[in-house]
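Peer 1: Listed below are the residues making up each chain.
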Amino acid sequence: MVDVHLKNIVKKFGKTIAVNGITLDIKDGEFIVLLGPSGCGKTTTLRVIAGLEKPDEGHVFFGDREVTYLPPRERNVSMVFQSYAIWPHMTVYDNIAFPLKIKKVPREEIDKKVKWAAELLQISELLNRYPHQLSGGQRQRVAVARAIVVEPDVLLMDEPLSNLDALLRVKMRSELKKLQRRIKVTTIYVTHDQVEAMTMGDRIAVMNAGKIMQVGTSEEIYLKPRNIFVAGFVGSPQMNFFEASVRIEDKNVFLDAEDFTITLEGDFSEPLKNYDGKTVIVGIRPEHMYPLDLIASREKTSEIEGTIDFVEALGSDTIVHINTGSMIIVMKISGAHHYKIGSKIRVALDLRHIHIFDKATEKAII
Amino acid sequence: MSIAKYYLIKIVIAGLATLAVLWIMTPFVIAILYAFTNPSDYYSPNVILPLRYTFEHVQKLLALGATKAIINSVVVALMTIGLSFLLGLPAGYAFARYIFPGKDSLKLFIVSLRMFPIMVIAVPLVTLYIRLGLSDTPLGVALAHTAMALPFVIVITSSIFAGVPKELEEAALIFGLDRKGAFMRITMPLALPGLAAAAIFTFIMSWNEVFIASVLTLTNRTLPAFILTSAMAAPDFIKFAAGFIMILPAMIFVFIARRYLITMWGITLR
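So the protein sequences, as listed, match chains A and B. Each number in the working numbering corresponds to the 1-based position in the first sequence with 13 added. Each number in the working numbering corresponds to the 1-based position in the second sequence with 4 added.
Bear in mind the hints are in silico, worked out from the structure with no lab data behind them. Incorrect hints may appear among the rest.
With a straight-line cut-off of 30 angstroms between C-alpha atoms, the simulated DSSO-like cross-links for lysine-lysine are [what the hints assert, rightly or not]:
no., chain 1, residue 1, chain 2, residue 2
1, A, Lys-116, B, Lys-184
2, B, Lys-14, B, Lys-111
3, A, Lys-67, B, Lys-107
4, A, Lys-116, B, Lys-170
5, B, Lys-107, A, Lys-28
6, A, Lys-197, A, Lys-128
Could you put the whole structure together from the sequences, leaning on the hints where they help?
Peer 2: Below you can see the structure in the form of structure tokens.
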């Protein structure tokens with residue numbers, strides 16, 4: 014078990030820069046998730062940590078030990094691949110035992126450890142089978158068992174759940190997380206699935222275009238996104254964004270959007286004081302909006318009005334698309350509600366959860 | 005679809021399959037049959053299916069030097085497999101796994117070597133071999149056969165290695181092996197079926213090759229070269245016996261190697 018430090022990692026493939034200066038400190042025993050869209054460099058970062066790729070610049074430290082140029086086998090890491098990569102010509106037992114055999118662990122100890130790992134992942138009865146006789150979920154368990162049996166310093170997982178069906182994915186999510194808590198191994202987990210990231214990670218590093226956009230707990234990422242990318246990438250349905258120009262009168266702040274004006278109360282004037290007359294990007298999540306007839310308290314809200322354009326009835330939630338004239342604002346309310354398409358609706362925005370971004374830098378002002 | 009049409013299609017397919025089997029099998033059957041036919045039965049105009057058989061023709065051929073030629077051919081073919089795999093596997097692996105400048109043109113160049121007519125280099129090759137002391141040796145023939153088989157071995161093995169997922173090797177690297185270990189313990193076992201196919205191909209190419217073998221050998225003839233010089237002037241049944249001797253070892257080799265061609269470990273590689 015070690016802490017992992019990435020210092021300014023750069024990795025290029027020809028002219029493409031896959032990873033562009035990543036610095037990240039991962040604590041001992043932490044479960045960190047690298048989250049981002051495909052091609053954002055998260056898998057390359059993982060492969061640099063594994064030793065499967067050598068970075069063009071920067072350093073990787075496990076504790077105090079620099080491992081940047083060590084081959085994978087000298088790093089004491091293990092990895093669960095997206096395709097599982099369990100060896101088809103070996104039985105499940107041999108697959109799990111193979112890393113130990115290479116390390117010349119005594120036979121009885123190998124047997125003990127394989128059985129321990131198999132029991133932990135509930136695959137004890139599959140040990141004599143070949144991979145082609147297993148289902149996807151079972152193969153995944155074998156891959157995880159093989160990864161933990163060596164008691165690695167760092168456990169790397171590259172989208173391990175993406176090839177499983179939805180139900181199994183949810184089940185494995187909590188199982189993997191529990192397993193990690195039990196064996197307390199420093200874990201770096203790559204995914205493009207925000208739900209996976211939010212539910213599993215102690216901390217999440219959101220990546221885009223080879224850079225880390227924000228690192229934080231799922232709550233921080235969700236409630237206090239540091240830039241437009243994070244705000245838009247996390248959350249479903251996506252956060253509503255629209256342009257508005259800032260108008261400060263006395264202590265009141267008005268955001269003039271094309272179709273409506275949002276009135277902010279006094280405490281917004283301080284952070285926005287340099288933006289008077291300028292255009293900013295306003296963001297509000299669909300779940301932070303309520304139809305006026307549904308809320309009791311109207312503190313810290315601002316109202317907008319529009320016609321209902323489209324309704325997605327999910328049973329547990331209702332997603333309402335509201336046409337305010339020149340744009341569509343999406344609202345998500347819990348429970349089943351009946352709305353008529355084309356009818357007028359008045360909506361309150363919860364101003365405690367409003368986000369305002371600088372238009373040029375895309376960084377959060379509030 | 006009506007029942008009549010269904011059966012009609014079945015009959016047509018069965019008919020075509022039968023035709024294909026006959027097409028391939030008839031020469032075998034005739035060659036084997038006549039290889040053991042009593043000469044008087046063979047020449048009798050009233051006998052279509054001979055009833056009296058003899059080992060005489062085969063024995064005669066073997067006594068004339070076919071035994072030695074068979075041994076020579078097997079030695080040459082095995083050496084060819086050994087040499088062309090020794091050189092071809094690393095090249096095929098490199099083509100499958102690595103990206104390097106000139107990769108595609110190099111691959112094309114290797115294959116285009118086969119376009120070079122062997123007739124043209126036959127005489128210079130003989131003089132070179134005489135100087136090197138390789139003329140009339142199995143090794144000399146094997147070297148020439150290796151040059152002929154190598155392009156195909158490289159192309160075939162590179163597609164076989166490309167069929168072994170890279171992650172399987174990377175997993176081996178992570179779990180404690182170096183590159184060589186990962187190749188020997190993970191990639192090779194998985195590539196075995198495809199490599200068997202490449203070996204069959206190489207064996208048959210070397211076994212059947214007659215021109216270079218005839219030019220380069222005099223006393224150490226390989227089987228095709230031996231048959232060409234000894235049996236071709238003999239009566240027909242001796243030719244058939246020669247054909248039988250040609251077919252048999254190749255068949256045995258293919259039947260052994262074929263086992264590795266079919267699905268292993270539940271996965272099929274190209």
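Peer 1: None of the hints should be skipped; say for each whether it holds.
Peer 2: Taking the hints in turn, this is what the structure says about them:
1. Of the supplied pair hints, the one linking Lys-116 (chain A) and Lys-184 (chain B) holds, its CA atoms being roughly 16 angstroms apart against a limit of 30 angstroms.
2. For the proposed pair Lys-14 (chain B) and Lys-111 (chain B), the alpha carbon gap of about 44 angstroms is over 30 angstroms, so the pair is violated.
3. Simply put, Lys-67 (chain A) and Lys-107 (chain B) have alpha-carbon atoms about 23 angstroms apart, close enough for the 30 angstroms limit, and the pair holds.
4. Distance hint between Lys-116 (chain A) and Lys-170 (chain B) is fulfilled; the C-alpha atoms sit about 22 angstroms from each other, no more than 30 angstroms.
5. In summary, the hint linking Lys-107 (chain B) to Lys-28 (chain A) is supported, as the alpha carbons are separated by about 19 angstroms, within the 30 angstroms threshold.
6. Restraint check: the Cα-Cα separation between Lys-197 (chain A) and Lys-128 (chain A) comes to about 19 angstroms, which is no more than 30 angstroms; the hinted pair holds.
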